[in-house]
Every structure is written in structure tokens, then in C-alpha cells.
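Chains as they are written, first to last, in the numbering used here: chain A, 1 to 341; chain B, 1001 to 1307.
One or more hints might be untrue.
Derived lysine-lysine pairs resembling PhoX-like cross-links, with alpha carbons at most 20 Å apart [said to hold, decoys possible]:
1. B:Lys1120 to B:Lys1187
2. A:Lys303 to B:Lys1255
3. A:Lys303 to A:Lys337
4. A:Lys319 to A:Lys298
5. A:Lys319 to B:Lys1172
6. B:Lys1247 to A:Lys303
7. B:Lys1124 to B:Lys1172
8. A:Lys298 to A:Lys337
9. A:Lys340 to B:Lys1092
10. B:Lys1092 to B:Lys1009
11. A:Lys340 to A:Lys303
12. A:Lys337 to B:Lys1247
13. A:Lys155 to B:Lys1172
14. A:Lys258 to A:Lys80
No lab work stands behind these hints: they were computed from the structure.
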Amino acid sequence: MNLRGRKIVLHDNSLRDGMHPKRHQISVEQMISVAGGLDEAGVPLIEVTHGDGLGGASVNYGFPAYSDEEYLRAVIPQMKRARVSALLLPGIGTVEHLRRAHECGVTTVRVATHCTEADISEQHIRCARELGLDTVAFLMMAHMVDPAELARQAKLMESYGAHCVYVTDSAGYLLPDGVTARVGALRATLDPATEIGFHGHHNLGMGIANSLAAIEAGAVRIDGSVAGLGAGAGNTPLEVFNAVAVRLGIETGVDVFKLADVAEDLVVPLMDQPIRIDRDSLILGYAGVYSSFLLFAKRAGAKYGVPSANILVELGRMKTVGGQEDMIEDIALNLAKLAKL
Amino acid sequence: MRNNLATVKCAIVGSGNIGTDLMYKALRSEWLEPVWMVGIDPSSEGLARARAQGLATTVDGVDGLLPHLDREDVRIAFDATSAYVHPQNAAKLAARGVVVVDLTPAAIGPYCVPSVNLAKHVGKREMNVNMVSCGGQATIPIVAAVARVQAVAYAEIVATVSSRSAGSGTRKNIDEFTRTTANGIEKVGGARRGKAIIILNPAEPPLIMRDTVYCLTEGEPREDAIRASLATMIAEVQRYVPGYQLKNGPVFDGKRVSVWLEVAGLGDYLPRYAGNLDIMTAAALRTGELIAREMADGLYGQTGKWS
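Bound-form chain B, shown alone (with noise of 0.2 Å):
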């Protein structure tokens, strides 16, 4: 399957839904090798379904899997948990020289939207990369489509999910949602301003994950360059995440550009429908694929002297 010998070995700290999705799309990687699986809960899911593939597991936390990181050479981490862990998982980590890509809302390390600034990510040995969250991940290309043509003075997001595909960290973390994203639509879109919105809707069967945005320019739209760039800017997206959709849009309406979106995913854990937690994991994946070619190539330092 891996024609690539130089991989990585990474560790996933967290095995609710974004884990273990995340787990499936790095088993693929040419560059990257989960080797082992954080949670802390014996009867999780996820933790299953990743002894079921070959990796080890602990259900202590990040400390069950500090005292194997120099045997495995374990260099990169994916941490899945809340915006509440985090920090802890993340000093951790830190003191050992572990690349972390945090696919919480924490934003202790700087923001990667990969269709949008993985360039700006090239040669930074950043320690610690943060992945804004799944409707940022959805939405900002949007807003830095629009703003590559003219300045926005606002923008704002609606993200909608299925239920059954927020998970228990999602749902204590609702207000890091809302703010790390108006955040991200701000320093990585390129808005003045930036609002966010989510929307948790239950209907059966679930709905698949629909994103709006609306961009509040400050001259008059230039409505074909924009059309342009967002048609540009979507094929890009899509090359990580096929099913990321223009649904409808843009509509111009004075100085308002709306635009409406669906990401449906592949499905490797949860169905089709929850493409938000397919857009947040492809989007890690690809940034720690940069960080694991990098590691490759030298950037980071030789392999096993960390501690």
C-alpha cells in the first residue's frame, strides 16, 4: 500500500469521531503512519477500531503515551481531544519534541486552512499547528476567495452538522467553535471582521453538513473576478475533499456576496453525511503530510534525538 519508505510515525490523541475518522484517511498516507491511538475510555469505539488496524492504544491519556514516543519514534501528534485538553496535551508533547497538529478549537498555535495558507506553513518548524475547526475549514476559503479580489469588511458563517456527528468534545466547546472561527475568518480569510455560527440540526437520516457564507464587501462586488476566484478556489478544496459542493451562489445583493455550501465525506468512519469531520481530518492530514516531508527532508532535525 505505501510505496513511500520515509514515513512518519504519528500518534492520534483522541479516539471520539474526528480520531478515529482521521485514523482511516492516515492509514492511506504515503507520508505518515499512525502507530498509536490516545484515548481514555476503555470501551471507546474508536480505540477498538484502531487495535483492529495494528495500533497500539492507551486509555491514560497523552501520559500513557509519552513513555513509548523514543522507542516508536513518534514524531508527530494529531491531538482530537477539546479545546479543554489540549493545552495540557500540547505542552506535553512540546517537551518532547513532538510536532503537534491540534484539530481542537484551542488555536494555541497558528491557524492552517491548507487550500488557503499551507504555503505560508513552508519551512516555519512550527511546533504547533491548529486547524481552526470544521465549519473554519469549510468556510474560509470562501472568504479569502472574496477577499483575493477586493477587501471585505465582514463575513460571517453559518455551519450546520448532523447531530449524530458532534461529538462529546464539539459540544462542550460550542463558544471555542463560534470564536476560533470568527478568528480564523478574520486572520486567515482575510475578513475586517469575522462572525461565526453553528447550527446542530438531529433530523433522521442525518443532513449532510451545509455551510453558508456571507461576505460583506466594501466597494461594490466585482462579481466576475469573484466568480472566478471562488470556482477556483473550490476545486482546490475539493482536491482534499471531493465532496465539498457550490450549491448555490454566489448571489450578489448590493455589497452582499451569500454563497451555499455541502461537504459530504468519504465516509471512512461515519457516512457520507458527516463531511465536517472529513474537511477538519483531510485538512490535518495534508498539514502534517507537509510537516512529515519536511521532517524528511531535515527540516526538523534528525530523526530519534529528541529527548
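Pulled out of the complex, with its shape left as it was, chain A reads as follows (with noise of 0.2 Å):
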């Protein structure tokens, strides 16, 4: 693998997908440092929301300590180099949380659908190109659709006026080769100016390796989360993939050892439990399951009394997306009544 003199946009998640394991409990000022700490490290692309997004604050996912607003308006200021980002699921957030986000400070977007449903995300791409924002299209799941069939949704979000489009492994179930498929039908489909990136979750372990296929495949930008902190097993751990990069001559702009003091000292110590491949967080990778449904299963069957792996496998079955949180409490009470027959 040849990928000397690339250049890649590394982009932190651990403040908004790493919101999934704090359950939106990240205080302003543990925001503030380590935003300050992935800035110090030279790290350029900062996500601070709700781990739903904008507006995600909710009975389903959640309410958080502080609300978007009060993060945003807190770290932007704080920044020296490294720019905002904030994450929209079109159906949970609307074009009026982007224009707040905005008057916040965020320069870039991510519009997030699920893989197949491009489509419901037009009004909040036009909007966020007419603020004039760096806007990123996100479609989630994608293992759960074929390449060509995701090249066609992200044409379609290209259309809008998406400047990037993410292949965005939200079960981290993907292995290299689909992700090479996937990102290779993008960069085959969309105009040479429309950049491509990759978001992994590292719940088969599979996060930087998936991460260097997609840049071999084309993509020049690529989520991870220092330490790890984002959903199920977490994301790509950023200060990890960062060395890997250097070691291969990708030109990231991030000191090796600064982002892995950021993960030492400043996050590891915030995080409740460690963010690791258990058993629920394998099945969510094996099985094909969003990844920040982890801890909800968790406790529904603490809560009932059935196995948690056994919800997971259920939400599989079913083929939830992202965003349907409210079914697992729902399926933990039909095994419990199955168990008392």
C-alpha cells in the first residue's frame, strides 16, 4: 500500500459521537479541553453536538448536560486553528437548528440519512450552502446497501450541493474490501471535486484498516475519535491512525505525540467505562447494528431481565437504522414476555 505524500483531513468525533458512551453528559468544560487539546495537536476538524445531532436532545436519545448551543458557543472561541462541525440527521433536526449552529461559529456541516434515503436531506444541503458552510453529506449504514446503489444516493446529495460525501460504517461492520468497493464506487461516480470520506467504528476491530483502504480508494477525509470515544467500540482511534498515517508518509498536519497525550491525559480519564470490543459492542459489528443503540440495550435488559446481546441480534433481525432507539425497549419487553411463556 503505497499512500506516501497523501494528503488527509483528519476530523475528531470524540466530542460528539463520544457523547453516545458519556449519554450526553460531557460538561462544558471537559468540551473546552479537549477541544483545546486536539487544536494544540494541530488536529483541524472538530465535531461538538448531541451525539444525535443537532436537536437531538430528546426522551429517545437522551437530553444532554448543556444544550447545542452552549457547547458550540463555548469551544468555538477557544479555537486557535481547528474549525467547528456540527451533525444534522435530517427527520431529528431541522434547517432551523443549522442556521443556530451557524450564528454559533460552525463552518462545516454533516448532513446524516441513512444509506438509502439521500433524498430527505435536500433542504438541509441547500441551506447549509447558502450559508455559505463547508457541507459534508453523511450516509450512515452503509454496509446496507450495495456500491453502486450508494454511489447513486450520494450523487443525489452531490446534486444538492454536498462539497464531501462520507461512507459512514455505523455498525463498524464493514471489512476492508467493502469499504474499498464502496469508496471506490463514489470516487468512480461523483464529480472529481466532490471529496470523499470515511467514518469507522471499531467494533471488529477493523477501524484504522478500514480507514486506510478508503484513502486508498480515494477518500481525503477520515473520522476517528481520540481514545477512541464515540459509540459502540467506539470510533477509529484517532491518535492510533494518526501514528499509522505518519509511519506511511499520509500527510495529516497532526503531532503524534500531542494527540496522544489528548488521549492519556484529557479523555481517557473522562470516560465511565472503557470503550473496548465486549461482547454487545463484537455483536453490533457482527450483526450489522447502529452502534450508539449499545448502551440503550444495555439497560433495557438490565431493566427486563433478557440478555442485552439477545436485543442487539433482535434489532438486526428487524433491520433497524439509526435513530430507532424507542424499538428497544419495545423488543426487550417482547422477549421478556417470551421468556415467561
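Using the hints, put the two standalone chains together into the complex.
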């Protein structure tokens, strides 16, 4: 694999995807501290939002310690070089949320839909472009559809105005060949000026290998989370990926040692539990289930006395998609009823 | 088929999923007679189906219908286009005295969720009534059933529909859906604050519409009264949507009341999984029938004297 000289934008997700394992309770002080460390290490893009994006504050996904606006207004003025992004899932957040995030100073918005539903993002992508934002489209659960269909969906998002389209492995299910095929299909279909990104989860331990496969197939933006702080078994651990990338001669502009310090000194201490491939996270990756379902399944399993693994397998069997957290307690209730029969 | 001679003629504007499903239901109505289907796409399947049922059709939008209103004595129109198009349609039809039942989330007129507030629309002579959204029709009755027992500080709904049942109008109007539904949860459901989430799921075979309702009560939930109120309300909705079903709950967790629903349709147009179409079209039809009965009673003035 010769990736020498490739220029890659690293995008940290620990303060957004990392909100899932923190049950959206990261404090403003912690946000400022971690974001400051990432900025100092040279990470160019940092995402700050509720785990489920702007407007995610809810019974269904969890109420956060602070509003998106409070987080963004606290973090953005502290940044010396890094730019801050926000995530938006149409159906949960709206263009009003997007406008407010823009007023708070985000430079990048990432509009995320399920991999077959790109056409619900038109309003939001167009609005982001009108606001002059760096506009990124996010095709989630990308393993659930074949590369050709994924490329068709990406083309729609490009037609609405997306500067960059992501292959998003929300379940941490993809293996490198699957990443190569999907990123390759997008690269062959999209305008050469449209960038491609890859967002991985580490449920099968493939975050780094998958990200390298993505770069080889043409991706220029790579997501990760410092210390892996993200849903499921976490995202691609950013400090590890950066070290690998530097050894391969990929230009990230991020300091290996400073980023390792952020992981060790700032992020690991704030974890509520180790971010690792435990049994349930493994099932997420193996069965192709949305990573942020993990803690909900654990809680519902404990509440109703059913194995959380069984809940996750059922979520996979039902082909649930991102955002269907409401089905977790419903399934737990059904499994508990069956157990009584 | 029709026993009632005093039917009111109506037009269906929009030949997509919702308009087509509504047509089949209206063809069975004792009070309404669908005579026009309005579309914009000559290759629309809905228009072909309308012609097969003997309806007149146009591909020129509402403008194609306007010249025929008087001769045909069309007095009610159902708008199943999109929130972006509805305001123009509504203005053109209102100018001609046609009462509009709005199935888009444009929400110009007052909200109607029949099981909750149909009685409040009686005798009002409203010229435009809004049906909120499919998710609103499925969930607002549940919010109202809790709110009539005790104060609801916050209600949140998650509506999951199959991708196949979400047509282009729905897809372009995702924000309007969440906004209008949240508003309906407050104004009709009676929650102090409302939030709505919509999810499209492409699974094959398609999933039956699922709706989850969370209410946060102000005081401790009065469990028995809430259970009884929910049972009554669900039976009321089942009168016009027989496939409306409680799947789980109510679960009481502190002040949180959770209810899981499934909505199966009659399969008039799309198969039974598309309960989101049925709950919308059946509610709109009930509303339209109320207006038709009031017209038959002379409440809206004499027939054919509009222009």
C-alpha cells in the first residue's frame, strides 16, 4: 500500500460520537479542555454536538448536560486553528437548528441520512450551502446497501450541493474490501471536485485498516475519535490512526505525541467505562447494528431481565436503522414476555 | 353502493401515495363523491387509477381543475400535494369557495385530529382544515389521552415509516413534518411542549408503521386513569383505522409514560404496511364527511352559488 504524500483531513468525533458512551453528559469544561488539546495537536476539524446531532436532545436519545448552542458557544471562541463542525440528522434536527449552529460559528455541517434515504437531505444541504458552510453529506449504515446504490445516493447529495460525501460505517460492520468497493464506487461516480470521507466504528477492530482502505480508494477526509471515544466499541482511535498515517507518509498535519497526550491525559480519564470491544459491541459489528444502540440495549436488558445481546441481534434481524432507539425497550418487553411463556 | 343521495362532490389534489389511497376510501363514502383527481405528471399511476375509477383528471395542477368547479359543483378539495405547493392551491380554491382539507404539513388552517377534536370543528364553517401529519394522527390521540387525565409537561413522538410509503412530498417536507407534528402535539394533544422525530426505514419486506409516544407528566402519573383513558382513545381511533394497535405499554417510569403503537392500513393503495397513509387519509375523510354533512344541512350556504 503506497499512500505516501497523500494529504488527509482528520476529523475528530470524540465530542459528538463520544457523547453516546457519555450519555450526552460531557461538561462544557471537558469539551473546552479536549477541544483545546485537539487544536493544539493540529487536528483541523472537531465535531461538537449532541451524539444524535443538532436537536437530538430528547427522551428517545437522551437529554444532554448542556444544549448544542451552549457547547458550541463555549468551544468555538477557544479554537486557534481548528474549525468546528455540527452533525444534523433530518427527521431529528431541522434547518432552524442548522441556522442557529451557523450563528454559533460552525464552519462545517454534516447532514446524515440512512444510506438509502439521501433525498430527505435536500432542504438541509441546500440551506448549508446558502449559508456558505463547508457542506458534508453522511450516508449512514453504508454496509446495508451495495456500492452502486450507495453511489447513486451520494450523487443525489452532490446534486443538492454537498462538497463531500461520507461512507459511514455506523455499525462497524464493514471489512476493508467492502470499504474499498464503496469508496471506489463513489469516486467513480461523483464529480472529481467532490471529496469523499470515511467514518468508521471499531466494533470488529477494523477502524484503522478500513480507514487506510478508504484512503487508497480515494477518501481524503477520515473520521476518528481521540482515545476512540465514540458509540459501540468507539470510532477509529484517532491518535493511533494518525501515528499509522505518519509512518506511511500520509500528510495529516497532526502531532503524534501531542495527540497521544490528549487521549491519555484528557479523554481516558473522562470515560464512564472502558471503550473496548466487549461482547455487545462485537455483536454490533457482527450483526450490523447501529453502534449507539449499545448502552440502550444494556439498560433495557438490565431493566427487563433479558440478555442485551439478544436485543441487539433482534435489532439486526428487524433491519432497524439509526434513530430507532425507541424499538429497544419495545423489543426488551417482547423478549421478556416470551421468556415468561 | 351509495345509499345517500345527498353526497357532496369533491376533488383530490395530488395523485401520489396519499391522494390515491384517499380516492379509494372516498369512493366508499356515504357523504362524499370524488369526481376529480388533480396531478402534474402525465405518467402518474394515481391518475391512471383515478381514470379507471371514472374520475376526471388533469395534469395541470389546480389550474386545470378551476374551470370545472362550477359545472361539476365541486365543493370540497383534499390537498395531498406538499407543504410548498399547498399555500397557492389553498388560495386559488378558497377564492372559489371550495373548502379545503389539507393533508400536507403546511398547516394554514386549524388542526384536526378526529378522535381528539373533530367535535370542536362542528359548526365553525372553516374553509381550510389541516390534518397535521401521519405521525401526528397516530400519536396525538395518545398524548391527548394522557393529557385529559393530568398535565403533560412534555410529549415526544417517534414515527417510523417504511421508505416505500414515503413519497416525494413527504421527503421534501421532513422539517415541516417535525415542526407541524410538534405543534399539533401541543395544540391538539395538550402537552406544554412537543417534539417529533421521523425515521424512514427501507427494510424489505417493508415494516408496518411504528409510533412511540413518550409523555412526561407534571405530577406522578395516575396509572389506572391513564390506562383507562388510553383504552378508550385507542378504541376511538380504531373506528376509522382498524389496524391501529397498542403493541406495548403504557410503561410507567417515574414521570415518563411510554406507549408503543403499530398502525396497519387497509391496503387500499399500498399494502397494509403503509398504515401511515391510512391514518392520514381515513382522518381526512372523516373530516371531509363532517363538512359534507354540514353542507347538506345548509351550513355552508346553497350549493352552486359560489362564483
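Here's how the hints hold up against the structure:
1. B:Lys1120 to B:Lys1187: Within the cut-off at roughly 13 Å; holds.
2. A:Lys303 to B:Lys1255: Answer holds: lysine 303 (chain A) to lysine 1255 (chain B) is near 17 Å, not above 20 Å.
3. A:Lys303 to A:Lys337: Holds, because 13 Å separates the two Cα atoms, which is no more than 20 Å.
4. A:Lys319 to A:Lys298: Answer holds: lysine 319 (chain A) to lysine 298 (chain A) is near 19 Å, not above 20 Å.
5. A:Lys319 to B:Lys1172: violated (24 Å)
6. B:Lys1247 to A:Lys303: holds (18 Å)
7. B:Lys1124 to B:Lys1172: Distance of about 32 Å is beyond 20 Å: violated.
8. A:Lys298 to A:Lys337: holds (18 Å)
9. A:Lys340 to B:Lys1092: violated (60 Å)
10. B:Lys1092 to B:Lys1009: holds (18 Å)
11. A:Lys340 to A:Lys303: The hint holds at about 15 Å.
12. A:Lys337 to B:Lys1247: Holds - the C-alpha atoms of lysine 1247 (chain B) and lysine 337 (chain A) are around 12 Å apart, at most 20 Å.
13. A:Lys155 to B:Lys1172: This hinted pair holds, its Cα atoms lying about 17 Å apart.
14. A:Lys258 to A:Lys80: holds (16 Å)
Consistency with the previously given hints fails for numbers 5, 7, 9, ordered from lowest to highest.
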